[in-house]
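Enquirer: As a plain string of letters, each chain reads:
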Amino acid sequence: AQKVTQAQTEISVVEKEDVTLDCVYETRDTTYYLFWYKQPPSGELVFLIRRNSFDEQNEISGRYSWNFQKSTSSFNFTITASQVVDSAVYFCALSEEGNYGQNFVFGPGTRLSVLP
Amino acid sequence: DAGITQSPRHKVTETGTPVTLRCHQTENHRYMYWYRQDPGHGLRLIHYSYGVKDTDKGEVSDGYSVSRSKTEDFLLTLESATSSQTSVYFCAISGGQVVFYEQYFGPGTRLTVT
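Going down the list, the sequences are from chains A and B.
Everything in the first sequence is counted per this note's numbering, starting at 265 for the first residue and increasing by one.
Everything in the second sequence is counted per this note's numbering, starting at 57 for the first residue and increasing by one.
Be careful, since some hints might not be right.
[Said to hold, decoys possible] Heads up, simulated DMTMM-like pairs for lysine to aspartate or glutamate below, C-alpha to C-alpha not over 25 Å straight-line: (1) A/K302 / B/D94; (2) A/K267 / B/D118; (3) B/K113 / A/E290; (4) A/K302 / B/E83; (5) A/K267 / B/E83; (6) B/K109 / B/E83; (7) B/K126 / B/D94; (8) A/K267 / B/E115; (9) A/K334 / A/E279.
[Stated by the list, open to error] Residues from chain A shown here face chain B by an in silico Cβ test under 10 Å; the list is partial: (10) V268; (11) Y297; (12) F299; (13) Y328; (14) A357; (15) S359; (16) F370; (17) G371.
[Claimed, not checked] From the derived model, a few chain A residues whose C-beta atoms are all more than 12 Å from chain B: (18) I324; (19) T342; (20) I343.
By construction, these hints were calculated from the structure, which means they are not laboratory data.
Computed from a predicted structure; not experimentally measured.
All C-beta atoms, glycine included, are put in the ideal place defined by N, C-alpha and C.
Let the hints inform the model, and build the full structure from the sequences given.
Expert: Structure, rendered in C-alpha cells:
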C-alpha cells in the first residue's frame with residue numbers, strides 16, 4: 265500500500281535560515297505523483313507543487329525548491345531565507361495512477377515555526 | 057483559486073442530531089472528496105464521488121453518508137452525530153478528468169459535537 269512519511273513533526277528556525285522538510289514515500293506503482301501542500305494558521309490548504317514520477321528534475325520557485333530522488337524515494341522541500349509568513353504545517357502527498365478515487369495519501373505533516 | 061465553497065463554516069451540534077455539510081464547486085470537476093482532519097491523524101478520506109450519483113467509501117466512512125445529485129454539489133451527512141466526529145472537514149476537488157493530479161481544497165468546516 266502507498267504511504268507517506270514526514271519524520272519531522274515540528275521544526276523551529278529563526279528568520280532567514282534555510283530549512284528542509286523531509287518526505288519519504290512508498291509505492292509499488294511506476295507512475296505516481298507527489299505533492300506539497302501548505303496549511304497556514306488560517307487553516308486553508310494551499311497546493312504548492314506536483315511532480316511526476318518520470319520527471320526527476322528539481323524545481324525552484326522563488327525561495328522554494330524541491331528535490332525529488334527516486335533512488336531514495338524522497339521528495340524534500342527546502343525554503344531558503346525563511347520568513348515568518350512561512351510558518352505553517354506542510355503536507356507531502358502521494359497519488360498513484362492506478363487507484364481511482366482513493367489514490368491520494370497525505371503524510372502527517374510537519375509544523376514549521378519561523379521565529380523573528 | 058479553485059471555486060470551492062463549504063457551508064456552514066462553523067457548526068456546533070448536540071450528540072444524536074443529524075448534520076449535513078455542503079460542498080459547492082464552480083469548476084465542473086468530476087471528482088469530489090470529503091476529508092476530516094484531526095490532530096495526530098492528518099487528513100483522512102471519508103467518501104469520494106466520481107460523478108453524479110457515483111460515490112464510494114474512503115478510509116473512515118463509518119457514521120457518514122454522502123450524496124451528489126448535481127456535478128457542483130457534494131453533501132456529507134452525519135446521520136446521528138457523535139463526539140468522535142468533532143473535527144475539521146474539508147471538501148476537495150481534483151482537476152478535470154485527471155484524477156491523479158492535485159486536489160484543491162475548500163476552506164473547511166469546523167464541526168463541534170457536544
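Enquirer: Among all the numbered hints in the text so far, which are the ones the structure does not match?
Expert: 5, 7, 9 and 13
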